[in-house]
Every structure is written in structure tokens, then in C-alpha cells.
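Each protein sequence line maps, in turn, to chains A and B.
Terminal number for the first sequence in the working numbering: 326, no gaps in between.
Terminal number for the second sequence in the working numbering: 529, no gaps in between.
For the record, the hints were derived by calculation from the structure and aren't laboratory data.
Accuracy of the hints is not assured; some may be wrong.
Claimed, not checked - Beta-carbon label-pair distances, calculated as ranges: (1) B/Lys-392 / A/Leu-24: 55 to 61 Å; (2) B/Lys-30 / A/Phe-159: 56 to 62 Å; (3) B/Leu-344 / A/Leu-69: 30 to 36 Å.
Stated by the list, open to error - Covered, in the sense of this in silico footprint (three residues per stretch, anywhere, with C-beta under 8 Å from a C-beta of chain A), are these stretches of chain B: (4) 200–210; (5) 229–237; (6) 464–477.
Computed from a predicted model, the values in this text were never measured in an experiment.
For each residue, glycine too, the CB sits at the ideal point set by N, CA and C.
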Amino acid sequence: MQLTIILGRRLFYAAALIAAVVVLNFLLIRLAPGDPALTIAGEMGGATEEIIEDIRRTYGLDEPLHHQLLVYMKRMLSGDLGDSLFFNTPVMDLILARLGPTVLLVMTAMTLAVTLGSFLGVLAARNPEGLFSNLITVLSLVGYSAPVFWTGIMLLIVFSAMIPLFPLSGMYDVRLGATGLALAVDVLHHLILPAFTLGIIFLAQYSRISRASMLDVLGADYVRTARAKGLSERVVLYKHALRNAVLPVVTLAGLQFGSMLSGAVLVETVYNWPGLGQLAFESILRRDHPTILGILFFASGMVVVANLLTDLTYRIIDPRIRTGRS
Amino acid sequence: MSIVRSIARIAIVSLAIAGLASPVHAAEPKPGGTLVVGAGAGVRHLNPAVQSGGATGVPGTQIFAGLVRVDDKFVPHPYLAKSWEVSGDGMSYTFHLVENARFHDGEPITSKDVAFSLATVKANHPFGIAMFDAVDRVDTPDPHTAVIRLKKPHPALMQALAPLLMPVIPEHVFGDGQEPKTHPMNAMPIGSGPFKYKEWVKGQHVILERNDDFFIEGRPYLDRIIIKFIKEASVALLALEKGEVDYYPFARVRFRDIPKMEENPDLNVSTRGYEALGPINYVEFNMRNAPFDDVRVRAAVAYAIDQDFMVGKLHGGVPHPGYSPFYRASPFHSDELNKYEVDLERAAALLDEAGYKPDEDGVRMKVTLDYPTFHIDSLTNGANYLKSQLKKVGIDVELRAPADFPSWAQQISSWDYQFTMNNHWNYPDPVIGVHRIYLCDNIKKQIWSNTQGYCNEEVDALLKEAGRTLDFDKRKALYGDFQLHVSRDLPLYYINQEPYVTAYRNSVMNPPETVWGAMQPMDQVWLDR
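Please model the complete structure; the sequences and the hints are all you need to start from.
Laid out in C-alpha cells, this is it:
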């Protein structure tokens, strides 16, 4: 009962938040320099005034701003995100075609970062001053601070060009025309480098957080009790300590979903991954306002959903939250 | 020789030849195989009748045929038109179409489609008016004869009939009353060319398949063309080295990287072709405001630039010095104009004369130079070179690079700049590519018009006369006068002519290297592997 109330309230806030994001984005995007009609004309190598006026008329860019916003909001309520200025196709179709690859990439990278990061953090916490711990700290720092497009290109040069282990770009090899299982394997093959590139930035933070929180927990009374009971180190570490130490990791994962999406913009561009990030990047360069707005709408929706899920996960992992407001 | 006569002669000579002679490889072409083409820019749609530019042009000229195709010397050859005649007064062109030609859906290609295509291009293409305003009507006396009737002489007509500029599109598909610019079939067109549309995954690839029913017997050689979009230039080059891409036109390569690429035994790097685009780089002055409203200040900037140094030292000798508004391969190009060869003393004297005296720090004026980021060698490095040269004559330049193309384009097209680096295409005829930059009535708030605000009635008259003069020698003389005038008035100062770089693997035979480069039918390309 209580859960439904909480969920209902959360959903209401989420909807209000998304509406605010839409209006803000709509206005912000028009503050950016660059006129969509001129950009389209520029892509064509120049055009006459009549053609430019024609483009403006076709896409309703000649209407006053508040009118454009009203029309946009009204259409949005019926699930219509408008048409792309670049492709002339419904933005919804463009986004739906790109959603799958992005979710696949981000979720893989996230899983990789969270599991591998926590695991490394736990290992490091066992002997915080040891060589291994220091090595992880250094690697984490490098992974965190290297720009993602640089990491991407370096990984490509080493693991695709010099040592031809992985393909260079795209989500599958179109020359093969594979289907079914062969296609799945091909996609997996293409997924490894981009997922690793995206994961590596976040891996650093997870390993640092889980190392720190593990160190905290390992000093707690109940861990000493567990050890005193004569439980094996493995059980103490993974069953008693980790469960509590993982809470900050989950918080971080929820918070970072948004930055993961923005990281995907660059990773998808470097690896030519056909996701929302790549579409976002190109749409900005093209001043394709409806597409940018649609992507931002979806992205904010995804972040809100991720936060909701984080809350729910919390309740599952931590019984204290389930029983009351303490 | 008059252009009318030359066209008539070519028509007779080439009657028997179906297509272009291909002298590059004597080996027997091997049929089959898939050519993977690397592309940097995403494509808006696949119909070049209503969209200009290379992204649409490369797939578009595979999907659609034109009346003629043009070789590496601007000479038109038969394509969908097997022959043609030009009337004595040059006012009507009669084209005889190939009789067995069919669209990809099996419908025959008729003169009605030709008339429809021309009307569609005229009304919707960014250069439709420049190309076909002179056309009065297209008569279709029978399904295989199309007569283009002009209302005034139009020397650029034949060049405007290349597949890129006037693709022959099916009336029964595009003539259904929907808006041509946003027609849904632009994304999956039914065409008339050597390759058929198969698939387009946005941001990923376009797949074209061999048209088995192509009207030239035995062509094309390739089974399939895959155009693969790779946004990152460095990744595209890696893909080429690895063999994931075979052919990379408009390769975004730094000039200094070319020698390194040439060392790779699997690769060829070419700067041939694309004369019909004729890209030329220049410094553009906003002539409305001080200090560049004064021709002496503009001339001082020109005198500060050492083109030979730029081309030879900065750019490794890849581009060519260029002083003329005409691309060096254009038949109208000539060297007879004021070149402003580097002379710093002269520059300083001109600035003195214009009243810009140096202060105690030696600074005469502070100006801002905006430069776009789409040509890193010529325009970005060029801007930096210009800053250091102008400092020597007391002009303190602040460099400013707007965030991306749309930002820069908006700034220039709203005339909100002092001077900028710029690049325009000549296109196959000055009527399309050059006039727009200089005509008084084209001072517009749009990119690649007369944004500098230049107006000289004598120049206007020369251009208008040249635009309707059929006799080649007379026309060339008019353009010669024109370029003398503008090199004196100096609304723009041309700095170099930069070729497009094509990189391809050794296995690619007969790569397209006509004046249209990769924007020509690739029916003669084959793979040796």
C-alpha cells in the first residue's frame, strides 16, 4: 500500500520534471547560434532565398516561438515528436530505431563498470596499502581522466588495427549479411570495444567507491563479530561486508546513468555505433531541433526511470528502508 | 571554336561509343564483388534532383542516370541520350533517348520523364534557377525524343545535364503531387542508373545492388556498393588500411599525412578529379564597414600573403596557388590578373596611405578574423598564417573560430564579421558557381551568396553578357575582363585551390576520376581480387 503511494508520488514528480525539461530544452535550443534553414541550405552548397524561405515554411520555422512551443507540446501529448528537419521522417521512428543499440551499449558498459569495479574495489580493500590496491588506484585514475574519444581511438589502434582482434566500426558487418545467431555473435564482437571504452571511465569511480565503503564496513563491529564467529574470510567479505558496502555503489549507478548516456554520445561517434548518442551529435551539428528535443526527452525519461529503479533496488537490498522511514 | 560546333562534333564522334573510354587499366574487367565506399557526412536522402552536395551525390548518381555523362575534360558523352543535335541558333537541343532503358521498377524511361525531371530540378534544386532558368519548355514529340527549347542562349546547358545535376527521375513515382523536397520516395528511390536502392540504415550504411536491367550491356561490373558512414576521419582511414573500406572519396586527410599514406603498399592516394566542383579558398572581406571598406586595406592584406610559402611549406605542395575566381581546370581560368605577390613594404605603404598609422607598439589596427573549421589545412592553418603575416605590417588580428558550421554560417550570412576565411565551389560552369558570389542582386543574407556586399555595375554587365554568350572565345574574353576587375576591386582575395583527396585500395580498378569524381556512375569500376 505504502509502496503504491510512494510510487505514485514519484511518478508525478517524474512527469512534472520531464515536462519542465521539455519546455526548457525547447527554449534553450533556440538560443544556440545557427539557423536550421540556413544550415540545411549550407549542406546543399548554398541555395536561393526562395528555397530557404520554402524550408522555413515547410517546417513551421517561420511561426512565432510561443506558437511553435504550443504546437510542439500539443503534438507531444499524442505521442508525436514531430518530423526531423534533416531526414523528413518522424523523430519517433528515428529514435526508436536507435534506442535498442544505445540501451545495449549503456547497459553492457554499466554492468561491466559496476561488477568489475566493485570486484576490484573489494580486492583492493583487502590490502589497502598493497601493490595491487595501488595499481588499481592508478589505473582507475587514468581510466577516469583520459578523454573517452582518446581512449576509444587508442583501443581501436591497438586492438583493431595493430592486433586485429576486433572490428573497427559499426554494430555489425554489413558485408556478411548475417542473421540469427551469427548476427548476435557479430554484434557481440562489435560491442566489446565500445562497451569497454564507455565502461572504463565509470569503472574507476566504482572501484574507488567500493574500496572506500568496503574499508568502512570492514572496520564495523558486525564484521569483527562475523570473524570472531570463525566464518571464512570469503563469507565475511562477500556475504556480510559486501552487501552493505554495495549500497553507495547502487546510489552512484543510479546517479550516473545520465552521465553514461552523455558518454555514449562520444563513444558512439568514435565507434560509429548506431545509437541515440551518435544521432544526438549529428543532430546538433545539423541544428535538427525536433530530433535533438526528442532525444533529450527520451534521455530525461531514461534517467528518471533509472532513478526510480535505483530507489526500488535500494528497498530490495536494504531491509531498513523497507520497514520504515528511519 | 564555337561551343555549339564543338558540341555537335562531339555528338557525332561519340554516337557509337556507349559511355566513356576507360584508358586506366588494360586488364579485362572482372565482374562481381562488393565495393565498400567510406563516407564522412550522413546523407539526408538519396535524390540529387532536390538536394545538392556530395553526401547525396555519391549514391544518387549510382541510382539515377542523366542524359549525358561528362569525362575528365568537361566533354559530355552519351548516356541516357544516345545522341543529340543542337539547332544552328543554339536555342534548341534535341536528345534521342536509348530505347531499351527502364527504371528499376521495370517502367520504360521516356521523354516525358526527362521533361518532368528538368521541371522538378528547376523548381526545387538549390541551383535550379541558375541551371535551367533559360529553358522555355521541353517538347516530347515521341517517347524517345526530348527537345529542350531555350528562351535565351545558355552556354551552361550541357554541363547541367550531368547525372548529379539533372538526374532522370520517374514521373510515375515522383509526379504523384507530393512535395518533391520531402517526398517519401527520396529515401528509397526508384531510379534509372547502374545500381538499385536496396537498404539505408541511417547513420550506418546505404546498400546499392547491381541493376541487372541496366541499359548499357554488360555493366555495371560490381554486384554491390555499400556506402558506409564513418564520422571520425581517423577511424575511416584505419578502416581503409584494414580493408573494411575499399574506396574513400572526399577523404579528410591532413596534407602532411599524405606521404605517410602513400607508403602503404595497399593504398593509392589521388588528387585527380572533381574539377566540376572546383573548390577554391579565399579571404573574404566585409566591404560594408571600416577598415575593409577601403580597397587599400584589402590590398594590404593580399600583399602580406605569400602563396608560394603557404602552398609549398605549410601544405606540403598539395594544393595549388590560386589567384583567380576560376578553378585552374576551368576552361575560363587565366593568369592575367593582379596577383598581389607578397610585398610587405607595399602593404605597409598602402596602410599609411589609407590613414592607418602605427601607434608606439607598431599596431595600426585591431581586427577579428573568423574562420570555419571545415578545411583544417587551408582555412584553419591559413588563418593562423595570416595572423602572423599581418602582424608584420601592423595589423593585429584576433582569431575566432565559431563553434561549428551552423554558427559560422549564420554569422557570415548575417554579415556580422570583419573578414573571414571561406571556400566556394566553381561548379562546372561559372553561371552556377561564380556569378552568385559577385552579382549585385545576389547580396543576400545566406551563405555562399555575395555576403561581402560587393557591387560593381561593370562586373554585373560582364557576367550577364558572359552568361548568354555561346561563342567560347568571346565568353572567355568576358570572363577575363571580369577577373581583372575583381582582382582590382578585391572583394575577396583567393589564396589557393585545394584538390579533393581520394584514398582507395589497390584492388579498386577504374576508380571514378572524371570532373565529377565519385559523383558519377561507377558502372566501370571493378575489383581485382
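What are the numbers of the hints the structure violates, in ascending order?
1, 2, 3 and 6
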